[in-house]
Each structure stands twice: as structure tokens, then as C-alpha cells.
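J.: Protein sequence lines, in the order shown, are assigned to chains D and W.
The first sequence begins at 1 in our numbering and counts up by one.
The second sequence begins at 1 in our numbering and counts up by one.
Read the hints as simulated data drawn from the structure, not as lab findings.
Note that the structure is predicted; figures quoted are calculated from it, not measured.
A few of these clues could be false.
Since the list can't tell identical chains apart, any single copy or any two copies may satisfy a pair.
Claimed, not checked - SDA-like cross-link-like pairs, simulated, lysine to any residue; straight-line CA separation at most 20 Å:
hint, residue 1, residue 2
1, LYS79, ALA59
2, LYS79, ILE58
3, LYS79, ALA57
4, LYS79, VAL8
5, LYS79, GLY45
Letter by letter, the chains look like this.
2 protein chains.
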Amino acid sequence: MEIRLGGVGGQGIALAGTLLGKAAALYDGKEAVFTQTYGPEARGGASRADIIISDSAIAYPFVTRPHVLVVLFQEAYEKFRAQLEPGGLMIIEDELVNPRADETALVRLAATKIAQELGNRLAANIVMLGYLIGATKVVSHRAMQEAIRATVNERHLELDMRALDAGFQLAAEAGGD
Amino acid sequence: MEIRLGGVGGQGIALAGTLLGKAAALYDGKEAVFTQTYGPEARGGASRADIIISDSAIAYPFVTRPHVLVVLFQEAYEKFRAQLEPGGLMIIEDELVNPRADETALVRLAATKIAQELGNRLAANIVMLGYLIGATKVVSHRAMQEAIRATVNERHLELDMRALDAGFQLAAEAGGD
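Hey, can you work out the whole structure from these sequences and the hints?
T.: Written out as C-alpha cells, the structure is:
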């Protein structure tokens, strides 16, 4: 499964990508490749992380047609929307992305608002991750908890766990996709 | 320029790769791609980061024949040594890697020992980075300082800056390659 996360500097896109890779490979026994591209857009603040997760070795480790596209910023939405695999899952941050009127299918997630209610809007990336794994089952809830525990600063641990659960729960309520 | 960093979990390979990518793209105006592969070897503790740095857009963002190979662990040395581009630069961690007797050219850097003398052996990755950029000039000293400042925990900042300078200085003394 190919996943692309797009946003802007400071939204924790790279961290979210790292967590997906770790959860898949270290705790769920899968293969994963995480790629971060820094280019002129990075200097403008844009941030993008690509993750491929597979049950077997990954021969071509590049995301070309993501099955899942998560965008936390308008520019990332505009740039990547056309690349989504037909029938793929698009999740947008509701406050920060205004989708086109003709967009056929997407999930609008109030990740920033939820994170803010939990205590810090910077945890929006983790709310998104929770929803993503709840909807796709690409990694297990438990593996993601382990990855977060092994990675994030202890100060943020409790908040991130609650943010993960909030996103995961919303996906469950939405019926799992 | 294609760079591969290989080591074992806890040596800060992923951080070193991230710092190279950030220094190149955010502070030196270049393009960069950073890829981390998680596979069965990751569960065994192995860690690998690939970085490509270029003055122009990177079409094929995969490291196949690194121009620079930095290895901080025996297993990484054994696995990657044959992939080094002919005439490329190999840097090994002197305490942790025993090179083959027939190895034609490499730099043995006592990165762990130097880091320990500076206060924490965990800064060996930054000593390595300092040497790498001093020897190759792939990113500027100043860009790497900015990347470190923007990335590492404040608690480690002073140590990391000294570790960077120590590696950089050794490369300058060695004649810059």
C-alpha cells in the first residue's frame, strides 16, 4: 500500500511518516520504505512524506499512485489530488483544506480541532494517523502505539496516545473506510 | 551525490540522514531526497539511510551506487561495501568495524571515541557527519549547523555542534578528501 502525506512545515508530516514505517516494520512484521523529498517547495514550507508498506520485499520503493492521500494543507491538496489511485482514500484536514466542488470522494477530518480539544493542535498529525490506520488497517493500533512510545518525546506521549485513539475511534464509527 | 549511511539501531543513522537532507535543501538551496528502508534487518537492529543531494531536480531518487558510504557497524560494512562506486569514499567507525585486509581505500574514523571525549558517545553520528561534509563539501558547514540547530533537542545542541566541528576539523587536516 502506497501512502502519501502532504502538508506544510511544522505539521509533523515527517514524524507521521516515520511512525508509519516503524509501526509496520518493527512491530507488525512488514516491510516499509519511508521517503522524504526536500526540494524548492520544502524551502517554501511544504512537506511531503511517502510510505510504502508491504507484506513482502518492496522492489520499486516509490510512491507514484498513492492508495491513500492525507493532506493537511491546501497547497498539498492541489498538488497531489490528481495522483490518487482511482478508488483511493483521500483524507483532508477540514480547517486547512478547501476541496474542489467536484471532488468525488473524500473524508473531511477535523484533526486540528480534535487535537486542540485534547490539548495541543500540533497533535493533528497523530489524529490523522489514527484515522488512517483505523480506516485502512495498514498497521495495527497496537503497533502504532509501540512506534509512538519508542519515538516521541515523553512530554507528548500521553497527548499523542489520546490523539491516536481519537482518530482511530472516528474511523471505527465511520465504518472502517 | 549519492550517500549511504549504515549502522545499527540507536546510532542515530536516521537523524544523520535527515540532517543531511535538511542542510542541503533548506539551507544550501539544493535538492535532496532522504529514504529510510525498514525491513527484516531493521527488526534485527540494522539501520540504513540513503540521501541524494543534487543541484537540480532528482529524477531517480534511489541510491544504487553510493559515492559515499559511511558505516558505523560491522554488519552494515559487510552488506554495503561492494556497492560503493569505484573511487568512492568509504568512512568506517574505527572501533565498531573491522575492514577486510584487502580493502583498497577507506577512512577509519574514531568517531565514537571522539564523541565520548566530547561528553557522549552517542554523538558519534554527528562526528561522522562533520567528517563527511568536510571531506566532500556536499553541504556547507554553515548549512549543517543550521540544520542541527533546527532539529536536535536543545539539551544536545552544544555537544552536537562540538561533535560536528571535531569531525569537520579532522577532514580539513586530512586534506579535504
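J.: Would you mind marking each hint as holding or not holding in the structure?
T.: The hints, checked one at a time:
1. LYS79 <-> ALA59: between (26 Å within a copy, 18 Å between copies)
2. LYS79 <-> ILE58: Intra 26 Å, inter 18 Å, cutoff 20 Å: inter-copy only.
3. LYS79 <-> ALA57: between (29 Å within a copy, 17 Å between copies)
4. LYS79 <-> VAL8: within (12 Å within a copy, 36 Å between copies)
5. LYS79 <-> GLY45: within (14 Å within a copy, 36 Å between copies)
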